[in-house]
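Quick note, the sequences are listed as chains A and B, same order. All you need for this note's numbering is the position in the first sequence, starting with 1, plus 124. All you need for this note's numbering is the position in the second sequence, starting with 1, plus 124.
One thing to keep in mind: the hints can contain errors.
[Unchecked claim] One-sided excerpt, in silico: chain A residues whose CB lies under 10 angstroms from chain B:
#	residue
1	152
2	153
3	185
4	220
5	233
6	240
7	253
8	259
9	277
10	279
11	280
12	281
13	367
14	370
15	373
[As the list claims (entries may be wrong)] Label pairs and their computed distance ranges (CB to CB):
#	chain 1	residue 1	chain 2	residue 2	range
16	A	208	B	296	23 to 29 angstroms
17	B	209	A	324	29 to 35 angstroms
18	A	262	B	282	54 to 60 angstroms
19	B	391	A	192	40 to 46 angstroms
20	B	397	A	303	54 to 60 angstroms
21	B	370	A	240	31 to 37 angstroms
Think of the hints as simulated: they come from the structure by calculation, not from any bench. Cβ atoms here follow ideal geometry from the backbone N, Cα and C, with glycine treated the same way.
There are 2 protein chains.
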Amino acid sequence: MNHQQLFENIVSKRSFLCIGLDSETGRIPAALHTSDDPVFEFNRRIIDATHRYAVAYKPNVAFYECNGIGGWKSLGSTLDYIKKNYPEILVIADAKRGDIGNTSKMYAREFFENMAFDAITVAPYMGEDSVTPFLSHKDKWVILLALTSNSGADDFQYHVENGTRLFEKVLSASQKWGSINNMMYVVGATRAEMLKDIRRIVPDHFLLVPGVGAQGGSLEEVSRYGMTDRCGLLVNSSRAIIFADNSENFDKTAALKAAEIQAEMERYLSGRGLI
Amino acid sequence: MNHQQLFENIVSKRSFLCIGLDSETGRIPAALHTSDDPVFEFNRRIIDATHRYAVAYKPNVAFYECNGIGGWKSLGSTLDYIKKNYPEILVIADAKRGDIGNTSKMYAREFFENMAFDAITVAPYMGEDSVTPFLSHKDKWVILLALTSNSGADDFQYHVENGTRLFEKVLSASQKWGSINNMMYVVGATRAEMLKDIRRIVPDHFLLVPGVGAQGGSLEEVSRYGMTDRCGLLVNSSRAIIFADNSENFDKTAALKAAEIQAEMERYLSGRGLI
């Protein structure tokens, strides 16, 4: 999937919603715990209920890896289920990997060849050769951390050299490594006002924006400061959708929450004249 | 294992060698490929042949993860084998993880609770709350990336604010998060001269130093600039030991290579009056 195809999916679904499948075992409704694979069963029902409102799903790999081999099976089953039933949806491995060149190549092989993820989040600290092995896979995306939504973002991401903050240097340096068709950036919604500065550096790239909902970011502000004439935004919501209801009707409630967000997104897309 | 115990192991073995178990399937001698688990069989023979020369083993998780569920089994078997047979040896998951607080907690659970690793490498880009969940586990270590050995290290790690380079800020800021008993830093041997500057900021912490051997770093220089009165160094060698020989005698050759490095390390420890 390239930049234009992703935009067309956004237009078609009238949504730029990414749903985070951070499916922590301890938070899954009790009724599912008798299933062979409660995490997959939870995800399957969330996906069936919400797919019409989403253009991307983003399982955070940590929530699967912490269940060992069973967790990797849940992750693989979830990915296969989406690919088989909703092939138009981008699936992002939120893995935040990154290592020296020959090692990043191994991670790329796992997520893009053995598993059929469309995109992976990558940490930039180790620089170019830690990122480019992920970019050599056709039709796959790197989503590079730039400005994250957590409190620790303040520790290093604002380190400033001659007026250029570290996250800005990440944005500018990495543009030479890929293109708008295979690279996006993580920019936290809790710093929506920064999107103005960020759009000066990356006017056209898609941004993956976490932090709306549970972390307090505003979808209206993100859209105002970050939207381009090809949308250019994937806004993620995880817990506010998937854990909105702990009852047996969790999937119906998740669909309602996703639909609410989609309706708000539709207004912003329409206001911008994109639909 | 704390700082003092690690130093005592170094004195006892007259070595500060960490052996990197970057056991890429395609580079394992053909004779092992008939085994049920060639990667584990390779590691087992390497470990049995080299354990007397090493104070640490460091499997890079990428080389296991890229084999899917089978790879995680190989990694688990390798860890269990070391813990059962050579319990004095520190085992490091070279995983370079790091995510927002509630997510890093999941990674910590996997590597420190489900698996019995003693230490994990962590990427610093996301700051304090991405690192501290790993530090709340008793007797476990975080090894934070500071100055890495790859070419991409130049891209961001030297970003300088008021004379403080990013890797120096990582070193100074993170000292508030842990202590010399639960935090080490990765400093590449290819930048040995930088160890003088680094020792001004972290005079006592252990440093994990990759890049000796295949990547061209000098053990003599690393020891001269980096050694403290409690050694303070774990120097890693991976490919130069484990892939020194592709024949059926690979383990004997690995032992010879490890013994050579240990002998050189013994000279530096002795020269410093530590043994």
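Hints and how they fare:
{"no.": "1", "hint": "152", "verdict": "violated (14 angstroms)"}
{"no.": "2", "hint": "153", "verdict": "violated (19 angstroms)"}
{"no.": "3", "hint": "185", "verdict": "holds (9 angstroms)"}
{"no.": "4", "hint": "220", "verdict": "holds (5 angstroms)"}
{"no.": "5", "hint": "233", "verdict": "holds (5 angstroms)"}
{"no.": "6", "hint": "240", "verdict": "violated (13 angstroms)"}
{"no.": "7", "hint": "253", "verdict": "holds (4 angstroms)"}
{"no.": "8", "hint": "259", "verdict": "violated (13 angstroms)"}
{"no.": "9", "hint": "277", "verdict": "holds (6 angstroms)"}
{"no.": "10", "hint": "279", "verdict": "holds (3 angstroms)"}
{"no.": "11", "hint": "280", "verdict": "holds (6 angstroms)"}
{"no.": "12", "hint": "281", "verdict": "holds (7 angstroms)"}
{"no.": "13", "hint": "367", "verdict": "violated (12 angstroms)"}
{"no.": "14", "hint": "370", "verdict": "violated (17 angstroms)"}
{"no.": "15", "hint": "373", "verdict": "violated (25 angstroms)"}
{"no.": "16", "hint": "208/A to 296/B: 23 to 29 angstroms", "verdict": "violated (50 angstroms)"}
{"no.": "17", "hint": "209/B to 324/A: 29 to 35 angstroms", "verdict": "violated (58 angstroms)"}
{"no.": "18", "hint": "262/A to 282/B: 54 to 60 angstroms", "verdict": "violated (33 angstroms)"}
{"no.": "19", "hint": "391/B to 192/A: 40 to 46 angstroms", "verdict": "holds (43 angstroms)"}
{"no.": "20", "hint": "397/B to 303/A: 54 to 60 angstroms", "verdict": "holds (57 angstroms)"}
{"no.": "21", "hint": "370/B to 240/A: 31 to 37 angstroms", "verdict": "holds (33 angstroms)"}
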